[in-house]
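Chains as they are written, first to last, in our numbering: chain H, 31 to 361; chain F, 300 to 487.
FYI, nobody ran anything at the bench for these hints, they're computed from the structure.
Among the clues, some could well be false.
Computed beta-carbon distance windows for the label pairs [what the hints assert, rightly or not]:
1. F:ILE304 x H:ARG206: 48 to 58 Å
2. H:THR221 x F:ILE304: 31 to 41 Å
3. F:SER314 x H:PHE180: 38 to 48 Å
4. F:GLU373 x H:LEU46: 33 to 43 Å
5. H:GLY211 x F:THR458: 55 to 65 Å
6. F:PRO405 x H:GLY211: 37 to 47 Å
7. H:ASN129 x F:THR458: 32 to 42 Å
8. F:GLU373 x H:ILE138: 20 to 30 Å
9. F:SER314 x H:SER178: 17 to 27 Å
10. H:ARG145 x F:ARG384: 28 to 38 Å
11. H:ARG145 x F:ILE304: 29 to 39 Å
To give a feel for the contact side, a few chain F residues facing chain H, derived at Cβ under 8 Å [claimed, not checked]:
12. SER302
13. LEU303
14. ARG376
15. ARG377
16. ARG399
17. VAL403
18. LEU404
19. LEU407
20. SER476
Computed list of chain H residues with no C-beta within reach of chain F, every gap over 10 Å [as the list claims (entries may be wrong)]:
21. LEU43
22. GLY72
23. ARG97
24. HIS112
25. GLY137
26. THR150
27. ALA169
28. ASN170
29. VAL173
30. PRO230
31. GLY278
32. HIS297
Don't be surprised by glycine CBs; every beta carbon is placed ideally from N, CA and C.
Take a look at the letters that make up each chain.
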Amino acid sequence: MKNAIANLPVEALCQLMPMHLVLNDRGTVLSIGPTLLKLVPGLRSGLHGCLISGRAGQGAEAIDAIRNAVDRGIRLFLRVQHISDLVLRGHGVRLSDGNMLVNLGFGIGLTRAIRKAQLTDADFAPSDLAMELLFLQEANRGVLTELSRFNQQLAAAREVALLQAQTDPLTGLGNRRALEGALSIAMRQPTDERTERPTPFALVHMDLDHFKQVNDRLGHKAGDDLLRDVGSVLQGLVRKDDTAARIGGDEFVLILRGMTCPVAIGHVAERLIANIQELSPPELSDLRVSASIGVIIWGHDRLETPERLLEMADAALYDSKRKGRGCATIG
Amino acid sequence: MNSLINRGIEEFLRSTYGDALVASVVDDAAVARGAVAPLGAGFGAESLQRAAFRMAKPHSEMLEDLGAWMTRIEPVRRLLRFSGRDFRDFLLRLEELPGRAQLVLPSLKVPRLQVDAKDHAFWVVLLDPEPTWKSVLAGVIRGMADDYGALCLISVEDTVIRIEVWDEQFAEGRLFSIQCGAAEAGQA
Numbered sequence: 031m032k033n034a035i036a037n038l039p040v041e042a043l044c045q046l047m048p049m050h051l052v053l054n055d056r057g058t059v060l061s062i063g064p065t066l067l068k069l070v071p072g073l074r075s076g077l078h079g080c081l082i083s084g085r086a087g088q089g090a091e092a093i094d095a096i097r098n099a100v101d102r103g104i105r106l107f108l109r110v111q112h113i114s115d116l117v118l119r120g121h122g123v124r125l126s127d128g129n130m131l132v133n134l135g136f137g138i139g140l141t142r143a144i145r146k147a148q149l150t151d152a153d154f155a156p157s158d159l160a161m162e163l164l165f166l167q168e169a170n171r172g173v174l175t176e177l178s179r180f181n182q183q184l185a186a187a188r189e190v191a192l193l194q195a196q197t198d199p200l201t202g203l204g205n206r207r208a209l210e211g212a213l214s215i216a217m218r219q220p221t222d223e224r225t226e227r228p229t230p231f232a233l234v235h236m237d238l239d240h241f242k243q244v245n246d247r248l249g250h251k252a253g254d255d256l257l258r259d260v261g262s263v264l265q266g267l268v269r270k271d272d273t274a275a276r277i278g279g280d281e282f283v284l285i286l287r288g289m290t291c292p293v294a295i296g297h298v299a300e301r302l303i304a305n306i307q308e309l310s311p312p313e314l315s316d317l318r319v320s321a322s323i324g325v326i327i328w329g330h331d332r333l334e335t336p337e338r339l340l341e342m343a344d345a346a347l348y349d350s351k352r353k354g355r356g357c358a359t360i361g
Numbered sequence: 300m301n302s303l304i305n306r307g308i309e310e311f312l313r314s315t316y317g318d319a320l321v322a323s324v325v326d327d328a329a330v331a332r333g334a335v336a337p338l339g340a341g342f343g344a345e346s347l348q349r350a351a352f353r354m355a356k357p358h359s360e361m362l363e364d365l366g367a368w369m370t371r372i373e374p375v376r377r378l379l380r381f382s383g384r385d386f387r388d389f390l391l392r393l394e395e396l397p398g399r400a401q402l403v404l405p406s407l408k409v410p411r412l413q414v415d416a417k418d419h420a421f422w423v424v425l426l427d428p429e430p431t432w433k434s435v436l437a438g439v440i441r442g443m444a445d446d447y448g449a450l451c452l453i454s455v456e457d458t459v460i461r462i463e464v465w466d467e468q469f470a471e472g473r474l475f476s477i478q479c480g481a482a483e484a485g486q487a
């Protein structure tokens with residue numbers, strides 16, 4: 031080789047390429063970079079037992095892989111035997127004396143190698159991006175941890191907001207939005223295991239009688255107290271799968287799952303009306319607070335929309351009002 | 300990204316001045332913005348101004364304290380230590396800081412920096428003058444001088460931060476290894 035320039039002392043080679051390896055064709059190791067030596071101390075006594083080929087289909091012998099890569103000018107992959115998931119990668123050239131100079135690097139296994147061999151930044155050549163990769167890895171983890179924390183916080187806040195958005199603050203019952211949601215689910219969700227259809231239910235629309243007079247004569251505080259008490263009566267009446275909502279002023283709606291028998295519904299309505307009459311403020315003297323009720327019984331074969339169903343319950347409620355209040359009509 | 304910064308500011312105020320100040324800053328912000336504010340919105344950059352006002356401190360001093368506080372947060376300290384083997388090296392490589400910040404949070408606009416050095420003195424010049432960053436950066440430099448154990452004098456001028464390094468090993472600096480500790484790794 032006429033144009034050979036580099037005639038490097040071994041120390042200089044070690045400084046310049048801390049991950050290098052010089053070896054002859056028989057696999058005798060002539061020089062090892064200090065970082066590579068830290069990582070694979072056994073290399074001092076040869077390749078055997080230290081490195082194997084890192085690519086399938088080439089045979090396991092490291093020296094064959096190295097020769098192949100050097101002579102064909104292709105990339106070299108070497109697996110470190112005692113850290114089996116660490117594959118070093120690099121390339122190599124022939125020196126003027128016929129020996130091979132190989133320079134290796136870590137690739138994505140960097141962090142693991144650093145842990146394993148306790149490497150410091152002094153072990154890397156300045157041209158190596160190792161520090162930048164580590165920096166990025168740590169920065170990434172920090173940001174992701176913080177973001178996921180923030181995400182959880184957001185999800186919790188959203189849940190609270192959602193609940194608040196569906197709750198009537200006065201009574202603690204659901205509001206109109208909650209009712210609309212519950213009604214459309216009740217009409218769609220196949221909760222009946224036997225028929226795989228939605229369970230039938232009674233939609234109960236209730237309006238207080240003489241509520242306006244409570245407000246006018248006794249003040250809004252008395253009105254609010256009454257609504258709150260009605261709320262607790264309803265809360266006590268409904269079961270786990272039922273829904274109770276205040277959808278405006280003194281209007282309440284119940285969804286009672288599985289209630290399809292008009293006689294049973296009549297009993298429930300009677301009891302409800304009696305309970306509400308008991309809440310009537312005595313100061314009202316000549317009048318008595320009561321409730322008018324309209325009921326629609328829904329089964330899966332009915333085709334009305336939820337809105338239409340509510341209108342029908344409302345119409346049944348007005349029938350009760352016309353009949354003289356304090357009673358229930360099944361529409 | 301705003302949420303990260305807001306949270307950083309919140310943590311800074313909470314750990315430095317306590318819950319009471321944080322609560323009053325949040326109140327001030329709620330009054331200024333109305334009830335429906337986005338989560339953590341009380342802790343934008345203006346909250347530092349409110350806190351400074353309440354603590355009767357100049358705003359720039361508050362920003363410097365924030366910068367110095369950041370260097371005491373272990374993950375941040377580690378990231379900063381990646382850019383220098385000693386304090387001088389750290390100062391000289393501050394020019395890389397905007398690039399590094401870009402890698403971590405692309406939307407964080409750290410102004411371009413140029414570092415000049417002569418004998419014991421270093422000048423960090425903000426190429427895009429920005430008073431907020433200037434103060435925060437001065438705080439970061441102050442905090443990292445402590446971290447490396449370097450004795451220095453830091454003065455903030457118009458668009459320049461001037462650092463005179465008197466003794467690099469004035470005190471024992473804190474340890475730094477490029478390996479992330481096992482405990483920390485476990486947390487992530």
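These are the hints, each one checked on the structure:
1. F:ILE304 and H:ARG206 have their C-beta atoms about 40 Å apart, which leaves the hinted 48 to 58 Å range violated.
2. Our hint of 31 to 41 Å for H:THR221 and F:ILE304 is violated, since their Cβ atoms are close to 47 Å apart.
3. Distance hint check: the CB atoms of F:SER314 and H:PHE180 are about 18 Å apart, inconsistent with the given range 38 to 48 Å.
4. Hint check: F:GLU373 to H:LEU46, Cβ distance near 35 Å, so the stated range 33 to 43 Å holds.
5. Look at H:GLY211 against F:THR458: about 58 Å separates their beta carbons, and that is inside 55 to 65 Å.
6. Taking the beta carbon of each, F:PRO405 and H:GLY211 are about 40 Å apart, inside 37 to 47 Å as hinted.
7. Judged by the Cβ atoms, the range 32 to 42 Å given for H:ASN129 and F:THR458 is violated: they are separated by roughly 57 Å.
8. A beta carbon spacing of about 25 Å between F:GLU373 and H:ILE138 agrees with the range 20 to 30 Å that was offered as a hint.
9. In this structure the supplied range 17 to 27 Å holds for F:SER314 paired with H:SER178, their Cβ-Cβ distance being about 21 Å.
10. Between H:ARG145 and F:ARG384 the C-beta distance comes to about 21 Å, which lies outside the given range of 28 to 38 Å.
11. In this structure, H:ARG145 and F:ILE304 meet the distance hint of 29 to 39 Å, their C-beta atoms being roughly 32 Å apart.
12. With 8 Å as the threshold, the beta carbon of F:SER302 comes within range of chain H, its nearest partner Cβ sitting at about 5 Å, so the hint holds.
13. Interface restraint check: F:LEU303 against chain H, minimum CB-CB distance 6 Å, threshold 8 Å, status holds.
14. Interface hint at F:ARG376: violated, since its Cβ lies 11 Å from the closest Cβ of chain H, which is beyond the 8 Å cut-off.
15. Checking F:ARG377 against chain H by beta carbon gives a least distance of about 6 Å; that is within 8 Å, so the hint holds.
16. Hint on F:ARG399 holds. Least Cβ distance to chain H is approximately 7 Å, under the 8 Å limit.
17. Contact between F:VAL403 and chain H, as hinted, is supported at the beta carbon level, the nearest pair being about 4 Å apart and thus within 8 Å.
18. Interface restraint check: F:LEU404 against chain H, minimum CB-CB distance 7 Å, threshold 8 Å, status holds.
19. Checking F:LEU407 against chain H: minimum C-beta separation of about 10 Å lies over 8 Å; hint violated.
20. A cut of 8 Å between beta carbons decides the hint on F:SER476: the least distance to chain H is about 7 Å, and the hint holds.
21. In this structure H:LEU43 is separated from chain F by more than 10 Å, as the shortest Cβ-Cβ distance comes to about 23 Å.
22. Every beta carbon of chain F lies more than 10 Å from that of H:GLY72, the smallest distance being close to 22 Å; the non-interface claim holds.
23. Residue-level check passed: H:ARG97 sits 34 Å from the nearest beta carbon of chain F, beyond 10 Å.
24. With a minimum CB-CB distance of about 19 Å to chain F, H:HIS112 clears the 10 Å threshold, and the non-interface call stands.
25. The Cβ of H:GLY137 sits about 17 Å from the closest Cβ of chain F, beyond the 10 Å cut-off, so the non-interface label holds.
26. With a least beta-carbon separation of about 6 Å from chain F, H:THR150 fails to lie farther than 10 Å from that chain, contradicting its non-interface assignment.
27. At roughly 4 Å, the least C-beta separation between H:ALA169 and chain F is not larger than 10 Å, which violates its mark as non-interface.
28. Consistency note on H:ASN170: stated as away from chain F, yet its beta-carbon is not over 10 Å from all of that chain's, at 7 Å minimum.
29. Remark: the non-interface label on H:VAL173 conflicts with the geometry, its nearest Cβ contact in chain F lying 6 Å away (cut-off 10 Å).
30. Against chain F, the non-interface label of H:PRO230 holds: every CB pair exceeds 10 Å, the least being about 41 Å.
31. With 10 Å as the threshold on Cβ separation, the claim that H:GLY278 sits away from chain F holds: the shortest Cβ distance comes to roughly 23 Å.
32. At roughly 46 Å, the least C-beta separation between H:HIS297 and chain F is larger than 10 Å, which holds for a residue marked as non-interface.
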